[in-house]
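Each residue of the sequence shown is one higher than the last, beginning at 1 in UniProt numbering.
For the record, the hints were derived by calculation from the structure and aren't laboratory data. Treat the numbers as computed from the prediction; the structure is a model and nothing was measured. There are no misleading hints in this set.
Straight-line alpha carbon distances no greater than 30 Å define the calculated DSBU-like cross-link-like pairs of lysine-lysine that follow: (1) K76 <-> K127; (2) K76 <-> K91; (3) K205 <-> K19; (4) K168 <-> K19; (5) K168 <-> K188; (6) K172 <-> K127; (7) K168 <-> K185; (8) K13 <-> K205; (9) K185 <-> K13.
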Amino acid sequence: MPRNQPKTPSKRKRPPAEKVRAIVEILDRTYPDAACSLDFRNPLELLVATVLSAQCTDERVNLVTPALFQRYPTAKAYADAPLEQLETDVKSTGFYRNKARNIKEACRVLAEEHGGEIPPNLDILVKLPGIGRKTANVILGNAFGIPGIVVDTHVGRVSERLGLTSEKDPEKIERDLMEIIPREKWIKFCHQLIGLGREICQARKPKTGVCPLRPHCDHAAAHPELG
1 MPRNQPKTPS
11 KRKRPPAEKV
21 RAIVEILDRT
31 YPDAACSLDF
41 RNPLELLVAT
51 VLSAQCTDER
61 VNLVTPALFQ
71 RYPTAKAYAD
81 APLEQLETDV
91 KSTGFYRNKA
101 RNIKEACRVL
111 AEEHGGEIPP
121 NLDILVKLPG
131 IGRKTANVIL
141 GNAFGIPGIV
151 VDTHVGRVSE
161 RLGLTSEKDP
171 EKIERDLMEI
181 IPREKWIKFC
191 HQLIGLGREI
201 CQARKPKTGV
211 CPLRPHCDHA
221 AAHPELG
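With the sequences and hints as input, model every part of the structure.
Written out as structure tokens, the structure reads:
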């Protein structure tokens, strides 16, 4: 089993290879420049930005982080910051108490145990306070170029509608996608699904009629009235 593959098993039958290949090719044509939309200059900034992005738009996070990154340039600076001040600094991203606490505690561990550096290792990252597989894979893929599948709400929803997974659990979705998507495509594929999920395959009112993946979508086939 690959080092970063989730342990949670999935029992789903794989979709046809031709379908998967067609989906990947269409996404490459539709979103050739898909990339992380969070602003960052180093792995620590990406960790902080990704924590803040939970239940918040990347646009809002990008408005908050310039001043935040200037005030706290190192993991130790976050670790030493008064919690109340850090809460105030990130308040506009929502759920600010949990986010501030997780950032402060994760950075404390980084400062005390890893010299203030972000280790490019999934098993270590997921042991940091408030850091799950999604955030860890975001950091590894976008700061270090280490392939991984990031399962956020868009990736989960779009993957299920396309018929690439029937799972609800993020780890099982991650494993399903790892088994069928070429490893060298993992990072970009997730950004492409996020783009599609934001623009077209929306949760409540998917724009099925203009979706480039409609011919390969199980959800569209089951709901012809959508487009």
